[in-house]
Structures are given as structure tokens and as C-alpha cells.
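Peer 1: Take the two lone chains and join them into the complex the hints point to.
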Amino acid sequence: MTVAPPMSVADAPSQGAGRRLKAFNLVLELRAFIALIVIIVVFGLMSDAYLTWDNLVTMTKHVAINAILAIGMLMVILTGGIDLSVGSIVGLAGIVAGVLLEGLTIGGSVLYLPVWGVILCALAVGTGVGAVNGALVTRFNVAPFIATLGTLYMARGVALLISGGETYPNLGGSPALGNTGFDVLGTGKLAGIPVSIWLMVAFGIAAVFLTRRTPFGRWVYALGGNARAAELSGVPVRRVTMRVYMISGLCAAMAGLIIASELTSAAPQAGETFELNAIAAVVIGGASLSGGRGAVRGALIGAFVIGFLADGLVILGVSTFWQIVIKGAVIVLAVILDQSQQKIQRRGAAIAAAAATERPAAARA
Amino acid sequence: MTQAVEGQQRAPLLSLRGINKSFGAVHVLRDVDFDVRPGEVTALVGDNGAGKSTLIKCIAGIHPFDDGEILFEGQPVTIHGPKDANALGIEIVYQDLALCDNLDVVHNMFLGRELHSGITLNETEMEKRAGDTLKSLSVRTLRSLRQNVSSLSGGQRQTVAIARAVLWNSKLVILDEPTAALGVAQTEQVLNLVRRLADNGLGVVLITHNMNDVMQVADSIATLFLGQMAAQVRAKDVNNTQVIELITAGRSGDIGLKPREAAEAGVA
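From first to last, the protein sequence lines stand for chains U and E.
Residue numbering for the first sequence follows my numbering, starting at 1 and increasing by one per position.
Residue numbering for the second sequence follows my numbering, starting at 1001 and increasing by one per position.
Just chain E, same shape as in the assembly (with noise of 0.2 Å):
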């Protein structure tokens, strides 16, 4: 599954060089390292409240970061809002879709950045686009780019909202637990979209609770306990129980954090 080979690797797309972030006085965020390379998919995983969607929405510009450094394809640069990470080809799918179900396939794709020729919307170019795009990720999926979105099953309306992250010559596409409301068929769907994408070479950040998802199509795995950077590892040298002991202890063996940090983390 991993195309990567080792010593093969490309340059991180995104890189986060100790990412602190405090709520008041609860700091949610502490030194956090965080890489994610074009063509792969990394998971994001950890406990609730282990601060994976405050770092998510800190690359998304939803939350600035206290400190920290964030580069995206070796660049330093700074996001101050979605606009920001928008322009520089981030994309984020969020847990609850954001589709509006009245909305047909098309105008959900380009909702807020709709292609216009003067002042009226440009229908033939936007549906062309969208087909080819869905085309690309060889979704087969939709009968027409023309009906409405509450028509949809829940795996067709993630395919939709992960087609609308690509439409804009994304780099990286970031999706909060995608496949968390879905059966098990329409789970494999997304999961083999998600493939897809990284196949594509685009960089994907996957958020999930799911270990199957996990161990399926990730290629590198970062784990979040409590706050810090437990590991970030190779998804073939660690197998299901580590992946598990770094989630819920933030060490499993000699990977992960030091006992001593471990327990600090804990008690804070």
C-alpha cells in the first residue's frame, strides 16, 4: 500500500515546528511537531480531548497558534484565517460535511467560490469541472451532478465533499473522521477515495477514531496524547496494539514519550 519507499521520501508538504496553543489556562497544544508529505496519507490520531481538531484548526487558521513555526512546502508561512490556507492550497472537510442539502452536486462544489462570466453563474464550465474532478477520483458513484445533495447517501455526500477539497488545485486536504457516520460498504468508499487522493499526489491528513481506517491507508501515523506529540511513525513499523498504547499512554515501548514526560502530561 505504501508506494513511499524508505529513503525515497519527499520533502514534508506541511511541517508544524513546536506549535504551542493555550486555551485561558488549559494549554491544549505543547511543542508539537507534526509532518505531512505530498503523496501520503498520515493519520492524526489520539483520545478525545487530545487536542487533534485544535491543531487541525490552527493549520485552517480558525485558531492562531501562540508560538511555533509553520511550514507549507519549506516555506514559512503564516495563516491568519480559512481564506489563507485556502490560497495556499489547503483544504479541510469537516465532520459534518457542510453541504447544503437543498443545493444540487455542482453548486455545492464551488458554494462560495462560484465561476461566474460577468455577473451570471458560468453553469456549463462549473458542472465540467466538477464532472472532471469526480472523474479524476474515479468516483462512479453519482447519477447526476444535477440533484439535490439531501438525495444522497452519507457515503456519496463525503465523496462530494471530498471532491469539492480537490476542485481548487488543493496540496492538502485534511478530513475530520470521515468515514464516522458510514456502514461498513460506504466506509470502504471513502477510505478508497482517501487512497486516491494521496495516490494523486496530494498530501492528506486523515482524523480518525477508527483503527481499521488507520492501519488500511495511512502511511505515517501521528499521535496526539494530551496535548503533546507522542510519535509520529511509519505506519509498517508499528502495529495495531502500539498504535493503541501511544493513544491511550503516549508510549509504547521505546517509542513515544519518556516515562517521566508521560506521567507529567498526565498529571497536567
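So that you can see chain U by itself, here it is in the shape it has in the complex (with noise of 0.2 Å):
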């Protein structure tokens, strides 16, 4: 709705450049989108097998993994913070169900837990190491890069302790104890579509509707913004900090689980640097690190990117080295395509402003 009268004669000069600006910042905002588009298309083109159903089911599949962690991660950048954590919580969340599926000896007795019991630990784990950041971060003031940087390496050397280094080799369960079925998650399907793939989409849409819909996403939001104007304006500031750390454990503990459920065991190493993928994931969506800007559609088509890239380069045979100078020559080139959006936004909004100031004074004339 308007307030105002719409636009007067006197913004017809500023009205030609405007719109020009308007349609280059359309390209821009949707530039992830497009380079999506355009990998899909250059390298459906270049090999037979990329654009078949099978190949794109398993790139999807793959992509599932780093989503569900862009998913979290983003919370935590749209508030201004950063998430470093997430790959350690993804080992140790696969450590805690390989531990659990395997049986846990309390004094003699050895206790196995059925497969949603499993999970849900493996995510209360997730989610507990990420109140710790929250906790680092609201409580004691660290710096989120340093408190989430401390428990990349708590994480990680405690999912190495538990299991002394080993991998857990068996997470299939026996059905003599019950406890089959947490293959599941990775290899399982539904409607023909595999499980994982159906979780992305469960934590996508959950993220939009908690981003969009309730006043905690206007809160995280606000956070990003001005985190002093959001106190004053009475939002509780710490208890959506708190709230963010822990919904990017959780994630990173979904992600654990089906990275381990897909393998059938789970490694204390699993994940590691998975906490830039996700990072760079959000970034390539046009979020903003210094926080109140991004979206959870623009990290999911990250996500995509990275994965639809990666996934290209190895069927066309490129190797491994090269795939890597150019997932990094991609988050630069979106950061600097990020940084002239801006640019173009802002010079937007001062024709506005000035566009707006000069009409009440004829307003009033």
C-alpha cells in the first residue's frame, strides 16, 4: 500500500536511468540462479550423462548434505555471526549414533537404543555443541569466529577420543537387537526420491517459514542490522543468538546422521572443512557475513551451485586439483558480484531519498 500519492511528473527524468538500474540489479539478484541455470546448461552439453534423471537424483543427493548446513549456517550469518563448527558436529554426530548403534556398555550390561532414539541423540548432540557457541557467544562475549572456532577443534577431538580414531564399520543395526533400519536416511527412499533429498526440502521449507513468517526471523534479521536498535527496541537479543547457534547444530547434525547413514559407518573425521562449503554455499546466495542480509532460497541455490559444479567437473574427468582453483575462483566472483550489487542498490535508494525529499517541498508549494 502507499502513503504517498504515486509518482509525480517530477521523477520522470530519474525514471529512464532507474528502471536501467533496476533491470541490471535484477540480473544480479538473480545471478546464482543464473550460474545455476548455466552450469546445467554448459555441462549438459558437454556430457551425455549429466542431465539424466539417475545423475541428477545422486548430484541432489549430494547437495542435500552441504543445504541442510547452508541452511543453519545462514541463520547464524543473517544474525552477523558465523558458524566454524559445523563440519567437527557432523564427525561427531555420526560418532555418537555409531557409538549408540553399536551397543553402549553400562557397567557389564550393554545398551542399544532403537534408531529413532539414535537419532534423536545424535541431534540433541548437535544441538547442545551449538548452545555452547551460543552460550561462548552471548554469555561470555567471545567473538563468534573464536568461540565457534574453539569447538571446531572441542568438536572434532572429542568425536576422536570416543571412537580412540577408529572408524564404526557396522551402523546397520542387527535384527536380532531390533535396531535396523538407520540406512535409512542415506540410502532410503521415498516416492522414488531418495531420503535425504526429502530432508533438505523439510528443513528448507521450515527455514523459509521461520525466516518469513514469525517475528524470530524478523528478530534474526533485526540482529544483523543493528543489533543495538534491535535491543533497544526490546527484541531478546541473547535468546536469538542462542536459538541461531543451536538450529546450525542441529542442521550440522542432520547432516552427520546422513552422511553416516549413507556410508553405514561413521569416521571421526567425516565433515571436515564442511564448514566452508556451507560458508561459501550462503555467500554464493547472496547473503551478507556482516550479517541481516541473505535468504534461505539464495543458500539453497548456493548449495546447488557448488554441488552441480563440483559434480560436473568430475564426470567431464577434470581433475581434482583444478576443481578446486575453480569452487574458489567461484566464491570470489561472487562476492565481487555481490559487492556491485550493493553498490548499484545504494545508488538506488540515494535517488529515492532524493527523489523523495524533493516532493514534499512541492507538495507543499
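Just so you know, not all the hints are guaranteed correct.
Looking from chain U toward chain E, a few residues come up when the C-beta cut is under 7 Å (computed) [stated by the list, open to error]:
| id | residue |
| --- | --- |
| 1 | Ala-222 |
| 2 | Asn-226 |
| 3 | Gly-292 |
By construction, these hints were calculated from the structure, which means they are not laboratory data.
We put the CB at the ideal spot given by N, CA and C, even for glycine.
Peer 2: Written out as C-alpha cells, the structure is:
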């Protein structure tokens, strides 16, 4: 709705420039999506195997893990924070699942939890590490980068300690103990689509709802935009910060479970450098690392860009070393485009503000 | 400009009586009395360090005062925090505005107090109420309620901040130097808005360093001098020079602090 009468004649000269700016802005805003289309078209032309249904499903399955991580990472980044610990949480969650599925020895007897109990425990551990991050940031005023760097090492260390550095090889469970079925998360299918993809969809929908439709979502954005203003306005800053780190931990644990389930084994090293992939997805999706700007949609597209690019390069047989170089270049390019978009938007805002201040003067006359 | 005729002044909305506040050994406020009447703009002036900010922070509940009494609508009240102040109907527009650039006008106006039905935001109702509030203030300078605050000019941002303060059926709005960073035309806009708030029946406290602002919109002028209330006078009873004397020396002719008090305050 508009409060002011719509554009007056006085605005006409600035309209042409404004429209060109808007069109260019739209292209930049959709850049991640356009990049994804370009990737699909280019690789589709270069390889017959790329655009087959089976390959698309396989690639999306790879994407799902990073996408779920990116959703949690996005929440944290929107508040102006960062979560470096997600890769370690991936490993830790897998190990927790491994320990519980192979049986927890408590004073001579061995405890076997049902699979859903194992999953809940692993998710709780991930959320718990997130809560530690949140507490470090809100209660002890540790900078998010340092706090989560600390938990990156600690969570990884705990995963190695629990497992003694060994891989838990048999997460299939045994029918005699009634704890089979863990592999459903990673290898199961629902309506022909792998369960992990459904999980990505579910997490995505939940995150879109949370960020766009709830007061909590508004507060997350407000915190990244102007934390002091949010606090003065009565936003429960500590609680919101705490929650975003917990959500990120939960997402990371989910990703860890999917990986462990796919392989039906849990390695303590699982998920190393995954935090960087998640951050890359979020940034490619147009989020600002200083907070307040970004969207779930963007982060998901970012995850698809990284995943589809990486798998495409593999299919074409590009050397692993080049793959790494290309991935880095894409991230840098994304940030450069983001900067130019910000510049354009600021210019657009300046034009709008100037037009707005001239109008009331004209209205009074 | 002043609508209240002498003798028909309404009872004070907010009265402070004998407020004292120290930070350690520094006695920032001494026996301050301060009245704000509904439907009036009360200018709170004073030099840097006179205690203006401390005084409003006491009213806002950010600093508890050491002793003294706050009467709101004639009733003694205690204010322990910003929430208490909000509950009474006291809203403060801070100097640095406290807006989130990345949110739109509606979301800024409702920030921290979003309307929701169930767990989802009630966007329609928020937009309607934001629009109604802006209309009631005769604000016609915003193109859209859904534009981000970052695209607004300084005067428009101040307008949004003020509109947010009156959104909650507030009774008393305290504005901390609302014109400090604005150009001439925008200052004019904001001062008109301040005047309209009072004309709508709210009590308005305007903290400012600008004598033109004071003379243009204030009905009552309260002058703080080194932590003491030098004088609270009707705006039409004094001229520009007298107010400046009150600010700089604590007295002007026979109004203000007695010579000895002023000197002592100066020593302290």
C-alpha cells in the first residue's frame, strides 16, 4: 500500500536511469540462479550423462548435505555471526550414532537404543554443541569466529576421543537387537526420491517459514541489521542468538547422520572443511557476512551451484586440483558480484531518497 | 502556537519531584523537579553535561535514580526498566534512531513487538496500523511502507522513529535531539511532526541544543544547569537571550537559581 500519492511528473527524468538500474539489479540478484542454469546447460552439452534423471538425483543427494548445513549457517550469518564448528559437529553426530548403534556398555550390560532414539540423541548432541557456541557468544562475549573455532577443535577432539580414532564400520544394526533401519536416512527412498532430498526439502520449508513468517525470523534479520537498535526495541537479543547457533548445530547433526547412514559407517574425520562449503553456499546465495541480508532460497541455490559444479567437473574428468581452484574462483566471483550489486542498490536508494525529499517540498508549494 | 490558555493548563502527565542521581562521587542530578503536561511540547535544554541524558534515562528506567519521586498521571510509579516505561505509555526516540536499515518501515515500527496470529506474523494488520498511525500524524512523505529504511532520507527516518513511538497508544514521547543531523527543510518537517504529536494530546519532551527549535515549537522550557533545574518556564514568558543565560549561567534576571546556588553549582 502507498501512503503518498504515486509517482508525480517531477520524477519522470530519473525514471529511465532507474529502470535500467533496476533491470541490471535484477540480473545481479538472480545471479546465483542464472549461474546454476548456466552450469546445467554447459555441463549438459558437454556430457550426455549429466542431464539424466539418475545423475540429477545423485547430484541433488550430494547437494542435500551441504544444503542442510547451509540453512543452519545462513541463520547464524544473518545475525552477523559465523559458525565454524559445523564440520566437526557432522563428525561428532556420526560418531554418537555409531557408538549408540554398536551398543553402549554401561557397567557390564550393553544398551541398544532403537534407531529413532539414536537419531534423537545425535541431533541433541549437535544442538548441544550449538548451545555451547551460543553461550560462549552471548554469556562470555567471545567473538563468534573464535568461539566456534574453539568448538570446531573441541567437537572434533571429542569425536576422536570417543572413537579412539577408529571408524565405526557397522551401523546397519542387527535384526536380533531390533535396531536396523539407520541406513534409511542416507539410502532409503520415498516416492522414488532419496530420503536425504526429502529432508533437505523439509529443512528448507521450515527455514523459509521461520525466517519469513515468524517474529523470530524478523529478529534474526534485525540483529544482523543493527543489534543495538534491536536491543533498544525490546528484541530478546541473547535468546535469539542462542537459538540460531542451536539451529545450526541441529542442521549439522542432521547432515552428519545422513553421511553416516549413507556409508553405514561413522568416521571421526567426517565433515572436515564442510563449514567452508556451507559458508560458500550462503555467500554465493547473496548473503552478507556482516549480517542482516540473505535468504534461505539463496543459500539453497548456492549449495546447488557448488554441488552441480563439483559433480559436473568430476563427470568431465577434470583434475581434482583444478576442481579446487575453480571452486575458489566461483566463490570470489560471487562476492565481487555481490559488492557491485550493493553499490547499485545504494545508488538506487540515494536516487529514491533524493526524489522523496523533493516531493514534499513540491507538495507544499 | 501555544494552545493552552493560562489558567486552563491541564494537570501534569509526568512529574518528577526531588530527583537525585549520582554516579559514584559525581552528583549528576540534584533535587530536580520536572513537569510535562499533555498536549504540550516541553523543551529540555542545557549545556553538555548538564544532565539531560541522565534525566531521560531515569525516566526510561535505564538508570535507577537514588531518591525522589515520579508521578505519572498523578500516581506515584516505579520504573525499573524500559519495559515498565513502555507499559506506562512512555516512549523514547533515541538520537541514533535505533532503526534497522535492512528492514522495511512496517517491520521497524513493530520491531520487538510484532503482531502475530498464532506463530505467524500478522503482516496485514501491522501494515494497516502503521499506515493509520502515519496518517494520523499527517505523514505523506513515505512512498511505500514496504521500502527498506536504508532507502529513506534522514528526515523520513526520524519520522519513522517518531511514528513508532506513537504506535503504542503512548502518552509521553521523549525525543533526544531529533533534528541534530537534519537539513533545514527536514528539520522543519520533523518540528511540524513534533507539534502535531502535542496537538494530538500527547506529552512531548524535546531535548535539543537548537534555540530555533525551542522557540518554534516549545510551550514550556526546562533548563538544566549542572545537574540542577535552573527554571521551568512558559515559552512565551521568556526570550531567546534569557534562555541562553539560563543555560550558560543558571539564572537570568530574577528567574533561575539564586546567585549563591548558581555559584555553588559551578564550584561543584
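Peer 1: Does each hint fit the structure? Answer for all of them.
Peer 2: Results for each hint:
| no. | hint | result |
| --- | --- | --- |
| 1 | Ala-222 | holds, 5 Å |
| 2 | Asn-226 | holds, 5 Å |
| 3 | Gly-292 | holds, 4 Å |
Checked against the numbered hints above, the structure violates none of them.
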